[in-house]
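A.B. asks: Two chains, each in its own frame: build the complex with the hints.
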Amino acid sequence: MAREHLLKIGVSGIRGVVGEFLTPSLACAFAQAFGTYVGAGRVVVGRDTRSSGEMLQHAVTCGLLAAGCEVVDVGILPTPTIQIYVAATRARGGLAVTASHNPSEYNALKMFNAQGLFFNNYERGELIDLYHQSNFHQASNQALRGVTCDYTNPRLLHIRRVLQHVDAERIRRRRFRLALDGVNGAASVMSPGFLRDDLGCEVEAIHVDPAMPFPRVPEPRPDTLGELAALVRSRGCEAGFAHDPDGDRLAVVDDQGRVLDNDDVLALVVDAALQRLPGDVVVNLTTSSVIDDVAASHGRKVYRTPVGEANVVEMMQAVHAAIGGEGSNGGIILPAVHLCRDSYTGMAFLLDRMSETGKSVSELASRLPVYHRKLGKVTYEHGKLGTLMQALEESFPGAGLDRSDGLKLTLDGAWIHVRASNTEPLLRLAAEARSPERVEALYGRVLKLLEG
Amino acid sequence: MSLRISHVGLRGVVGSGMTAAHVLDFASAFGTFLDSPGPVVIARDPRASGVMIRQGVVAALLACGRDIIDLGITSTPVVQHAIRRLNAAGGVSIGASHNASEWNALKFLGYQGSYLSTAQASELLDIYHLKKFDFVEWNRIGRLRQDDQALDAYLDELAAHFDFPALRGFRVVVDCCNGTSSLILRRMQERFGFDFILINEKLQGVQFAHEPSTNRAMVELQLAPLIRPLNAAAGFLFDVDSDRVAIATDLGEAVSEEMVLPLLADYLLPRGPGKLIITNLSTTALIEEVAARHGGKVMRVPVGRQATIDALSSHRPEQIAIAGEGTGAVMMPQFRFVYDGIASMLAVLSMMRERGRKLSEIVGEYPRYCILKGQEPLVSHRIPALLMELRERYHTGRANVEDGLRVDWPDRWFHVRVSQTEPAVRIICEQRGSPPVQLFESLSEQVRSLA
Numbered sequence: 000m001a002r003e004h005l006l007k008i009g010v011s012g013i014r015g016v017v018g019e020f021l022t023p024s025l026a027c028a029f030a031q032a033f034g035t036y037v038g039a040g041r042v043v044v045g046r047d048t049r050s051s052g053e054m055l056q057h058a059v060t061c062g063l064l065a066a067g068c069e070v071v072d073v074g075i076l077p078t079p080t081i082q083i084y085v086a087a088t089r090a091r092g093g094l095a096v097t098a099s100h101n102p103s104e105y106n107a108l109k110m111f112n113a114q115g116l117f118f119n120n121y122e123r124g125e126l127i128d129l130y131h132q133s134n135f136h137q138a139s140n141q142a143l144r145g146v147t148c149d150y151t152n153p154r155l156l157h158i159r160r161v162l163q164h165v166d167a168e169r170i171r172r173r174r175f176r177l178a179l180d181g182v183n184g185a186a187s188v189m190s191p192g193f194l195r196d197d198l199g200c201e202v203e204a205i206h207v208d209p210a211m212p213f214p215r216v217p218e219p220r221p222d223t224l225g226e227l228a229a230l231v232r233s234r235g236c237e238a239g240f241a242h243d244p245d246g247d248r249l250a251v252v253d254d255q256g257r258v259l260d261n262d263d264v265l266a267l268v269v270d271a272a273l274q275r276l277p278g279d280v281v282v283n284l285t286t287s288s289v290i291d292d293v294a295a296s297h298g299r300k301v302y303r304t305p306v307g308e309a310n311v312v313e314m315m316q317a318v319h320a321a322i323g324g325e326g327s328n329g330g331i332i333l334p335a336v337h338l339c340r341d342s343y344t345g346m347a348f349l350l351d352r353m354s355e356t357g358k359s360v361s362e363l364a365s366r367l368p369v370y371h372r373k374l375g376k377v378t379y380e381h382g383k384l385g386t387l388m389q390a391l392e393e394s395f396p397g398a399g400l401d402r403s404d405g406l407k408l409t410l411d412g413a414w415i416h417v418r419a420s421n422t423e424p425l426l427r428l429a430a431e432a433r434s435p436e437r438v439e440a441l442y443g444r445v446l447k448l449l450e451g
Numbered sequence: 000m001s002l003r004i005s006h007v008g009l010r011g012v013v014g015s016g017m018t019a020a021h022v023l024d025f026a027s028a029f030g031t032f033l034d035s036p037g038p039v040v041i042a043r044d045p046r047a048s049g050v051m052i053r054q055g056v057v058a059a060l061l062a063c064g065r066d067i068i069d070l071g072i073t074s075t076p077v078v079q080h081a082i083r084r085l086n087a088a089g090g091v092s093i094g095a096s097h098n099a100s101e102w103n104a105l106k107f108l109g110y111q112g113s114y115l116s117t118a119q120a121s122e123l124l125d126i127y128h129l130k131k132f133d134f135v136e137w138n139r140i141g142r143l144r145q146d147d148q149a150l151d152a153y154l155d156e157l158a159a160h161f162d163f164p165a166l167r168g169f170r171v172v173v174d175c176c177n178g179t180s181s182l183i184l185r186r187m188q189e190r191f192g193f194d195f196i197l198i199n200e201k202l203q204g205v206q207f208a209h210e211p212s213t214n215r216a217m218v219e220l221q222l223a224p225l226i227r228p229l230n231a232a233a234g235f236l237f238d239v240d241s242d243r244v245a246i247a248t249d250l251g252e253a254v255s256e257e258m259v260l261p262l263l264a265d266y267l268l269p270r271g272p273g274k275l276i277i278t279n280l281s282t283t284a285l286i287e288e289v290a291a292r293h294g295g296k297v298m299r300v301p302v303g304r305q306a307t308i309d310a311l312s313s314h315r316p317e318q319i320a321i322a323g324e325g326t327g328a329v330m331m332p333q334f335r336f337v338y339d340g341i342a343s344m345l346a347v348l349s350m351m352r353e354r355g356r357k358l359s360e361i362v363g364e365y366p367r368y369c370i371l372k373g374q375e376p377l378v379s380h381r382i383p384a385l386l387m388e389l390r391e392r393y394h395t396g397r398a399n400v401e402d403g404l405r406v407d408w409p410d411r412w413f414h415v416r417v418s419q420t421e422p423a424v425r426i427i428c429e430q431r432g433s434p435p436v437q438l439f440e441s442l443s444e445q446v447r448s449l450a
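As they're listed, the protein sequences go chains A and B.
Counting in numbering that gives the first Met the number 0, the first sequence tops out at residue 451, every number present.
Counting in numbering that gives the first Met the number 0, the second sequence tops out at residue 450, every number present.
A couple of the hints might just be wrong.
Only some residues are given here: those of chain A computed to face chain B with a beta carbon under 7 Å [stated by the list, open to error]:
hint, residue
1, V17
2, L25
3, C27
4, Q31
5, M54
6, C61
7, A65
8, E104
9, Q137
10, Q141
Result set (DSS-like, lysine-lysine): computed pairs, CA atoms no more than 30 Å apart in a straight line [claimed, not checked]:
hint, chain 1, residue 1, chain 2, residue 2
11, B, K130, A, K7
12, B, K201, B, K296
13, A, K7, B, K357
14, B, K357, B, K274
Counterexamples of contact, computed for chain A against chain B with all Cβ distances above 12 Å [unchecked claim]:
hint, residue
15, G12
16, Q56
17, C68
18, E423
Hints were generated in silico from the structure; no laboratory data involved.
By construction, the Cβ of each residue, glycine as well, lies at the ideal position given by its N, Cα and C atoms.
Chain B with its partners taken away, still in its complex shape (with noise of 0.2 Å):
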């Protein structure tokens, strides 16, 4: 499937999906959806279909009558931040973000660097279908201008949060994956000093060093090896637009992806108010045990991004400790919940100088949880009676049917759901000391012959 119009906005493969014309009405419906005045803050990764879209979103959101101020090309966490800052009336950002080089996507943001709330993001899409849109008279044409302080405005806000002259004495290896993090780090290095020694560092418009994902396999790839061998206290590796990350600790081991999220709730957990962590139905149930650790709790919502905004907006930020996914994408409210992997980066740098540990030493204090994920392809209509099944033979544990189907025993669980990205079946199974392989083959092979 190469191209996908959802709540999340508009993504697809290049050419053969995504096209100049989906970009005109998205972006025309998006300037015909904002209500708050003010400009809009666009920017882009450096994918090369970039260039193109960008000017489709130029030209959509100027006929609608709004100013736009073009940071270039610069992460998502840059744009919501440029947004609060310049009281913009909301955002574009152009990236597929962990998807490969061929696809782009629009991501759209509102007041104060906001995601969209579910409601919102429907009334765009009524919008788009509708394709009837505001464009404003010749002489109310919006005017283009670019800002060249976004990147540092965004780091000051950085620096306010964490002790940068204490964090900047770790030698700290990067796999920037061709991405807008080198822009950010390799400014980060210049101004502040940082210790970084980055990969893959280079900004590319069509071929990336690896597959932009942030797991525990392509942090293996290239990061995880040079660890050692340079001395350095840690190495992260990040998605092309810096709101993913991955860890590999001072021993040159990759630390699955799904130890972001837990190992942030536990720094975040003592020192915030907010005792609530938001997460999805398919991360690990370690993040229980670190909830419960300092008398947290741990809400668990479907999967999506959408799911997880729609829960953080029915609470008060001050109750809220971290939000985030097994994905290495978490939010803090020290940062308005922006998905941000610098940030996330620069916690999990604060905790070991806070703990004077080393990374390898945190990380080993958890419980083992091995998580196995998989997937089977789709076949829609067989899905309820699949789903049905899989509940009856696996009476025994506690079901919960808010996103497919996840079954929760003392120390295992499993996780089958229908992919939003992709016509595939998704299983996650996990389990505390040893992988449930058993259980995983046996998901696999009922999913299989069910749908």
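So here's chain A without its partners, still in its complex pose (with noise of 0.2 Å):
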């Protein structure tokens, strides 16, 4: 079992530790069936500030070069950095040589099409397949192209495209005083200069050096960020914004110095984008019920997805959702923006908020609904898992019933969502009420369940 999740090949694409699991062969392999799948023609590629990320986009970059693409470098960026880049530069596609919060002993390669976007599943199918099958594309000395730098233009067309939906001047005007830590990931090179010289704001930034290791565990949750909170408390910082290694993810710390939960973070976004934007709002089906209540506010629908940002994406699209996102991570995708998950969405977006209203963060969640939440994990025995989904939907009869991803089971105010990790033998286990005790007595009782 240890060994399941130290490197994983499949329709998500290729993450796993470096070293022994992940090498450059594979990376190499699977850069050069990505090649071919794309086609001939400018690939973007990327990464994150891992030790591994310059050996892998070495091996990504002679896959590509050898199934016949032009290799776009463009160094150390955000992940929506370079989705937003490989949509505006029209090109073939783009890779991304990160494992996002994985710790720094991973690493993965993302995958993104012509328009800057995860594959669909379909088109992931049918990469894994031709990369099983091996029968890349083999470029001629005369077929091979060369690779190209643009280490200035993603950031300044990323920028250029977050700002032009938030009122930036009023923002500068405010001079917020701000709190950052990087994590040393990519945002490390790119969001200093983003809250300073774009939106006029005076940080205190920590972490923002790439070529140093993580200095905590990557995912930024409030567990993690003690440090960023005791930054904001000791400066007086109004608010504190925390990255995960590659950039797509947002945590965010109030002036209280208390880290605001994730779901919390992208309800303040969602009725913020609102305010502005036409659209139904798409979230999975683990995000707080609190979206539903900060849409509705603004006569909005809220649709629900299986986990994770390519299956929101898609119901996106097929919506023409005004913004989505995933809470528990951390993810915010305006697609105005881009349909991606993107912090520096979530930062304008909440700066703009707090000058155009005058409140702080504190005051701003402070007037969300206050829902209360659990997650966990619990271990199962494979071939088990029917018998226990059905034991769990027997015990909430009358409960709405979602089997999209695992089982989600809706109660009145309240609701239970169990499902099995795609990486590990793991049950995923999130529960939310409006008040702790109700919480606390359900979470106990599907875990009960389930370890019973």
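C.D. replies: Encoded structure:
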């Protein structure tokens, strides 16, 4: 069991522990399959700051060139910046060498199509088949292309797009005092300049050296952002922003030094976005009901999808959503900027709302309806999943059922969501209710059921 | 045959033979094979496929925990020099030397810039075939950096051996064949004021001005006709990675590629302590005459770089005067036995300078040897019978069977062997005084009918 998640090659690409498991040969072959799939043309390649990034970027570039692609190297950049650049420059596709929020020893490839979006399920299936067939395009010396670099335009493009949707001048006038934790990740190269130069903020920045290792658990969660919260308190900042290593996720610390729940951050940005943009909202099944309340206050509808950025994005395209995201992981997706998780959109909209209302983050958050959530995981034996899910369903008769991703039971003013992890033999467990007592009771009941 | 994996390394036509996967695996094998500490030096020649291959080599070596020092586009001898200077563990030179542009290759170099011995090369091949590579953990992955001092440091070493101020007076025309020599020679012009006139000096990735072989026909093509109009003292032609050289005289005559080794042997034998010349069985017999003049001795080894390297390693460096082959590839002990076309050119110029004679006069003084080279298609299973048959038929001569069959008479010889790089039987005949046309033709006919 221990090794099962050390390397994963599947429809979501390739991810694993670098060295014994994720090797340069695998990355090269996968990239060559990708290059064969998207066709000879420009492919954008960037990465986050992991120590294995330079090595894997070379392997990936080798595979793409071998397939006859021309590689545009954009260096260390946040994933959304890479996605936007792919779309804006009409490239055939893009590859980001990043394992997102996973620990340092991991790396992975995120793959984008010509629109700078994750492949849909059908495309991903075709690509993985192509990889397994190993029948790659092999360009001759005459057909081989080279590598060009563009280290300046991607960030300009991204920032320009974000600023189109907020009143940047109004934000600059406020001269916000902010704290920033870049986890020494890809956002380290962009966020300080974005906040200082583009939005006129005073920034107390920590961990913004892309040459250094990750100083904390890379996933930005309440329990991993103690240093940022302390900085906000000691320097009297109005807000603190924290990134994950590839800069697509955002976590926020309020002016009291409390780390906001990621669902509440999404709710604040949804609220800000719906003020100015038409359309509905798409979130995953595990995202808090607070989104439903916010959407309802604007007279909008909420669509729910299975967990995973690609699923949310697919639904957002289908319903022409105004905004979407995944509360649990800090992903905020605004199609007007790009159909991808983008922490820069999140920061800009939050600051815009603060400058518009004159309210602090804590004041804005306090106006949100209060829900209590509890997340956890539990191991299970293979072959027992069906029995467990059935038992769960039977123990909550009359609950609303959604089986599109595990099982979600909707009760009156509360819900429970149990789903099997894609990467580990684990069940992920989420419960939400209006009161802490009820959520504890629900969570405890489900846990007992699953463990028993 | 568009892919060849052998003791010499990895070589093939990119795309149809040599793929990114081969590059990754072979470079990973090399990273696993290296045991001395230190970084690895890499460089490439200007072939377009070198960009792709370099990416793969870098990825594999970094994954094996090696820091990489990238010299960009430069010659194999510069890589070998940099390995010594930087105390590196080894190096990889990406380039297919004298092969056509659609080919590429990885040349692996060991500690001190040496070529791998046969034993080392076998170990590397075994690791490649086993595909069990020593990749390091995420926090021990190597770093990549550039080095732009390599060319100047290499030239400093050459300047210490050759009298640059005396040599720069020679007007020399050079056909760079769009390869790495142009970078080296241009820098020599800038730094030392050499009077070089370069043709085909633009680096090319896809199409070279002509086939990049260092032979007489290629010298005649563009270089030789320019010598007299430009009033030059000599002309030199380099292959793409500058380890081989061919020569034209001041009269615009293309000199046989076979002449480079005897010429340099004649120059070096009286100078050094070494008296031994190591060359292969296919190289001109003039070398024996030149050796005899200076009390030297010739050791003949099978064709291919590997045999020469193994022969070198079984001698002390000071015993050896020179080593090389009739392709214009020559190694001198002064340069730690690296095939180096630029150093060979400087040695020829030094010889002209010291003797105070024109190159045409120096070359004209040697007895005339005429060599004919050809090849016939290979039928592998008939080779043993063919060689036996030829040996019986030419029993009057002295036979050597170390590499195919070589038969020697006092003033002529032939060598019939199976090529290591192409599916062909090579036939070489040489005679003192006049071309051995009849012998060559009957041999070709016999090989055709027997094989």
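A.B. asks: So, for every hint listed, does it hold in this structure?
C.D. replies: How the hints compare with the structure:
Proximity of V17/A to chain B holds as hinted, the smallest CB-CB distance being about 4 Å (cut-off 7 Å). With its C-beta approaching chain B no nearer than about 9 Å, L25/A sits outside the 7 Å limit, and its interface hint is violated. Below 7 Å, beta-carbon pairs count as interface contacts, and C27/A has one with chain B at about 5 Å; its hint therefore holds. For the restraint placing Q31/A at the interface with chain B, the shortest Cβ-Cβ distance is roughly 6 Å, inside the 7 Å limit, so the hint holds.
For M54/A, the suggested interface contact is upheld, since its CB lies about 4 Å from the closest CB of chain B, less than 7 Å. Hint status for C61/A relative to chain B: holds, with the closest Cβ pair at about 4 Å, below 7 Å. Using the Cβ-Cβ criterion of 7 Å, the hint placing A65/A at the interface with chain B is satisfied: the shortest such distance is roughly 4 Å. Annotation: interface hint on E104/A holds; nearest CB of chain B at approximately 5 Å, less than 7 Å.
Interface restraint check for Q137/A: the shortest CB-CB distance to chain B comes to about 4 Å, inside 7 Å, so the restraint holds. Annotation: Q141/A was flagged as interfacial toward chain B, and the flag holds, the nearest CB pair being 5 Å apart, inside 7 Å. Annotation: proposed proximity of K130/B to K7/A holds, straight-line Cα distance about 20 Å (limit 30 Å). Distance restraint check for K201/B and K296/B: the Cα-Cα separation of roughly 41 Å exceeds the 30 Å cut-off, and the hinted pair is therefore not satisfied.
With a C-alpha separation of about 70 Å, the suggested pair K7/A and K357/B falls outside the 30 Å cut-off, and the hint is violated. Using a Cα cut-off of 30 Å, the hinted pair K357/B and K274/B holds, with the two alpha carbons roughly 26 Å apart. Interface exclusion of G12/A from chain B stands, the closest Cβ pair being 18 Å apart, more than 12 Å. For Q56/A, the non-interface assignment is contradicted: its Cβ lies about 8 Å from the closest Cβ of chain B, within the 12 Å cut-off.
Consistency note on C68/A: stated as away from chain B, yet its beta-carbon is not over 12 Å from all of that chain's, at 10 Å minimum. Here E423/A stays apart from chain B, with its beta-carbon at least about 20 Å from theirs, past the 12 Å limit.
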